[in-house]
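Throw the hints in and build the complete structure from the sequences for me.
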Amino acid sequence: MYSEKVMDHFEHPRNVGEIENASGTGTVGNAKCGDIMRIYLDIDENQMIRDVKFKTFGCGAAVATSSMATELVKGKSVQEAMQVTNKAVMEALDGLPPVKVHCSLLAEEAIHAALWDYAEKNDIKIEGLTKPKSDIHEGEEEEEEEY
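For the sequence shown, position 89 matches number 89 in my numbering, and the numbering has no gaps at all.
Please note that the accuracy of each hint is not assured.
In silico DSSO-like links for lysine-lysine, alpha-carbon gap of 27 Å or less [unchecked claim]:
no.	residue 1	residue 2
1	K53	K76
2	K121	K76
3	K87	K131
4	K53	K133
5	K121	K131
So the derived label-pair ranges between C-beta atoms look like this [to be verified]:
no.	residue 1	residue 2	range
6	D123	E4	37 to 45 Å
7	V101	E45	30 to 38 Å
8	H12	D123	37 to 45 Å
9	A88	A31	22 to 30 Å
None of these hints come from the bench; they were simulated from the model.
Glycine included, every Cβ here is placed at the ideal spot set by N, Cα and C.
Here is the structure:
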């Protein structure tokens, strides 16, 4: 059901924890499944992500996508981090079961929420960044999910 990479990131998550006085913090959730993901970014004066940590309350796929998302943005520029999509997270994990795709959306939104917080704190605009949703189902029609 889950790839070896998903299992590895679930059993040995990278970058767990929090960053005190983070440059940006983003928290998103999914009311339907109860997953909550928080990402902390430490961004230097050149807009490079020096460090990234996460705390996630949720299923194994939520932990794995959080872990992989932090790996994908660490050491990257703010603009490069903007390019990390849920599809990129899923590909890096060698895929997710269809009912767990929403976890990769949480990872993308949490990164964007942390970047939004950073931009707000520093009174800057990040190309392509829009105000994030706190719940990934905000504004969506009810969708059918099979379990």
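Hints versus structure:
no. : hint                   : verdict
1   : K53 / K76              : 14 Å, holds
2   : K121 / K76             : 20 Å, holds
3   : K87 / K131             : 20 Å, holds
4   : K53 / K133             : 20 Å, holds
5   : K121 / K131            : 14 Å, holds
6   : D123 / E4: 37 to 45 Å  : 44 Å, holds
7   : V101 / E45: 30 to 38 Å : 36 Å, holds
8   : H12 / D123: 37 to 45 Å : 38 Å, holds
9   : A88 / A31: 22 to 30 Å  : 25 Å, holds
Violation of the numbered hints given earlier is absent; every hint is satisfied by the structure.
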